[in-house]
Amino acid sequence: MKVEVDERGYYGSFGGAYIPEMLYPNIEELRLQYMSIIQDRDFQKDFRKLLHDYVGRPTPLFFAERLSEKYKANIYLKREDLNHTGAHKVNNTVGQILLARRLGKQKIIAETGAGQHGVATATVCALMGMECIVYMGEVDMARQKPNVERMRILGAEVRPAKSGSKTLKDATNEAMRHWINNPTDTHYIIGSVVGPHPYPDMVARFQSVISEEMKWQFKEATGNENPNHIVACVGGGSNAAGSYFHYYENDEVNLIAVEAAGKGNATGESAATTVLGTPGILHGSRTLLMQTIDGQVVEPYSISAGLDYPGIGPIHAYLFESGRGKFISVTDEEAMKAGVLMSKLEGIIPAIESAHALAALDYMQYDRDDVIALNLSGRGDKDLETYIKWGGY
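Just so we're aligned, residue 305 is where the sequence shown starts under this note's numbering, counting upward by one.
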């Protein structure tokens, strides 16, 4: 099945660019130029060189023997946690900083939840000598303090978002406001496949290096470039979009997206958008989001700072509506137990976001010989305090 954006920025009925008039020149500039810039041979040469020499790509595809034994399947981990900065986020920030330079921008802003996108943005800004401001919810700043300090060491200014739930949604609001007030010299590096067109498509393209590598790595490892299932966590959904990108049109590959159910989908403390959401406008695009009857955004909750977003990217809303993607939600408790299980069986402490993907294996249907690709989107260093507080190990 085809999964691609149309000329108006839509995936089916989801997407578009619902923006204030002040942002129109910025978005239009991006829309008109992003594809020609990204496809330019010199851009690709610079992008690929940085991914190899600076980020450390390709990331390994690791056969998790003991996990495979436990779950009675062939489980391979795509090790995005081994990237420089510790997550998949840097694939996108490297691409966007190169794009910003070609557009003549001097300043960078970003939003962050778990802090990994903020760190990745601060990292590439330091590399390129560009000013960097990162917006982060006050609650997330408290629970992800090591990443806050990493951003500051890298030279970024971290500005707290103090409204609403003081998490990712509110940080995104603040970053959007900043961009509206500084439209000419500033580029906004959005961290996920969310926001107005062309951001969802652009970020997915930068992250598509994940599935590009998986194809040849699976061919080498198994003789077949196609796994039976690809599993990835979804907040906004950039690691999932990158994992799925080169498999969208292969209906034999099941795409499994895992959302955060928090304390349970019936408790009022969840971030499972496809369970609790309805179509609406969020941060510049039409997508699925958690909202009241009169359109007010419902505050999401997850133990994971990177998954407590009240919506999903329009790509994923389309995958859900069309049935191409299967969505599963797992609770805090299930994710934490899965994270500790992976740590003890494979010697890999996953980010709590990635632990949600692992927990979904308990809900999936598969055969003993099936090959499962699980995108390990980040490492658990940033979450050690949360693991310690939880204490179930």
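One should not assume that every hint holds.
Unchecked claim - In silico SDA-like links for lysine to any residue, alpha-carbon gap of 20 angstroms or less:
#, residue 1, residue 2
1, K641, N569
2, K630, K409
3, K648, G696
4, K374, L649
5, K411, A430
6, K630, P583
7, K411, L458
8, K641, P583
9, K411, N477
10, K411, N485
11, K376, F522
12, K523, R383
13, K353, P464
14, K411, W483
15, K519, G360
16, K641, K353
17, K470, V557
18, K630, K523
19, K519, N554
20, K409, M434
21, K411, R481
These are calculated hints, taken from the structure and not from any lab test.
For each hint, the structure was consulted:
1. K641 <-> N569: 18 angstroms, holds
2. K630 <-> K409: At roughly 39 angstroms apart (the allowed maximum being 20 angstroms), K409 and K630 break the hint.
3. K648 <-> G696: 12 angstroms, holds
4. K374 <-> L649: Since the Cα atoms of K374 and L649 sit roughly 9 angstroms apart, the hinted pair holds (cutoff 20 angstroms).
5. K411 <-> A430: With a Cα-Cα distance of about 12 angstroms, the restraint between K411 and A430 holds, given a limit of 20 angstroms.
6. K630 <-> P583: Holds - the C-alpha atoms of P583 and K630 are around 18 angstroms apart, at most 20 angstroms.
7. K411 <-> L458: This hinted pair holds, its Cα atoms lying about 15 angstroms apart.
8. K641 <-> P583: Cα-Cα ~32 angstroms, so violated.
9. K411 <-> N477: Status holds; Cα separation ~18 angstroms.
10. K411 <-> N485: The given pair, whose Cα atoms are some 13 angstroms apart, holds under the 20 angstroms limit.
11. K376 <-> F522: 19 angstroms, holds
12. K523 <-> R383: 17 angstroms, holds
13. K353 <-> P464: Roughly 34 angstroms between the alpha carbons, so the hint for K353 and P464 is violated.
14. K411 <-> W483: With a Cα-Cα distance of about 10 angstroms, the restraint between K411 and W483 holds, given a limit of 20 angstroms.
15. K519 <-> G360: 18 angstroms, holds
16. K641 <-> K353: 38 angstroms, violated
17. K470 <-> V557: 38 angstroms, violated
18. K630 <-> K523: With a Cα-Cα distance of about 24 angstroms, the restraint between K630 and K523 is violated, given a limit of 20 angstroms.
19. K519 <-> N554: 12 angstroms, holds
20. K409 <-> M434: 9 angstroms, holds
21. K411 <-> R481: 15 angstroms, holds
In the structure shown, a violation is registered for the earlier hints numbered 2, 8, 13, 16, 17 and 18, in ascending order.
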